[in-house]
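Q: The numbers in my numbering rise by one with no breaks, and the one at position 30 of the sequence shown is 30.
Rather than coming from a laboratory, the hints here were simulated on the basis of the structure. Warning: the hint list may mix true and false statements.
[As the list claims (entries may be wrong)] Label pairs and their computed distance ranges (CB to CB):
no.	residue 1	residue 2	range
1	Ile76	Ala39	16 to 22 Å
2	Gln27	Ser53	16 to 22 Å
3	Ala74	Gly36	16 to 22 Å
4	Thr23	His72	24 to 30 Å
5	Ser53	Ile76	16 to 22 Å
6	Asp54	Ala75	16 to 22 Å
7	Ala35	Ala75	14 to 20 Å
8	Gly70	Thr23	26 to 32 Å
9	His72	Thr43	17 to 23 Å
10	Glu37	His72	16 to 22 Å
None of these values were measured; they are calculated from a predicted model. Every residue gets a Cβ at the ideal spot worked out from N, C-alpha and C, and that includes glycine.
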Amino acid sequence: MNKTGILALLFCISSPVAAEDETSAVQACQKAFIAGEYAQAVTFANQALKASSDNREAYLCLGRAQGGVGDHAAAI
Numbered sequence: 001m002n003k004t005g006i007l008a009l010l011f012c013i014s015s016p017v018a019a020e021d022e023t024s025a026v027q028a029c030q031k032a033f034i035a036g037e038y039a040q041a042v043t044f045a046n047q048a049l050k051a052s053s054d055n056r057e058a059y060l061c062l063g064r065a066q067g068g069v070g071d072h073a074a075a076i
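Whenever a hint applies, use it, and build me the whole structure from the sequences.
A: Next up, the structure:
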């Protein structure tokens with residue numbers, strides 16, 4: 001098997017794991033935000049964004065949490 005095939009196989013195997021991590025981090029962000037734990041929500045949102053930089057739900061949670069912390073400039 002050539003290098004390209006091996007890389008493609010590894011990518012296919014790791015993609016569902018990254019999606020699960022991203023989803024669980026967004027859910028954790030939302031739960032922390034609802035609980036009023038804004039700093040922790042920011043941390044979870046950043047974890048989700050590391051997994052997928054175009055996750056709309058993670059950006060929304062991040063903005064809300066940053067507003068809750070009082071960092072309104074970053075929230076915008």
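Q: Compare the structure with each hint and give your call.
A: We went through each hint and held it up to the structure:
Against the hinted window of 16 to 22 Å, the Cβ-Cβ separation of Ile76 and Ala39 comes to about 18 Å, which satisfies the hint. At roughly 18 Å, the beta-carbon separation of Gln27 and Ser53 lies within the given 16 to 22 Å, and the hint holds. Distance hint check: the CB atoms of Ala74 and Gly36 are about 18 Å apart, consistent with the given range 16 to 22 Å. Range check, Thr23 to His72: about 28 Å between beta-carbon atoms, so the 24 to 30 Å window is met.
Between Ser53 and Ile76 the beta carbons are some 18 Å apart, a value that agrees with the proposed interval 16 to 22 Å. Remark: the range hint 16 to 22 Å for Asp54 to Ala75 is upheld by a beta-carbon distance near 19 Å. Between Ala35 and Ala75 the beta carbon distance is about 18 Å. The supplied range of 14 to 20 Å therefore holds. Hint check: Gly70 to Thr23, Cβ distance near 28 Å, so the stated range 26 to 32 Å holds.
For His72 and Thr43, the hinted distance range of 17 to 23 Å is satisfied, since their beta carbons lie about 19 Å from each other. For the pair Glu37 and His72, the supplied restraint of 16 to 22 Å holds, since their beta-carbon distance comes to about 18 Å.
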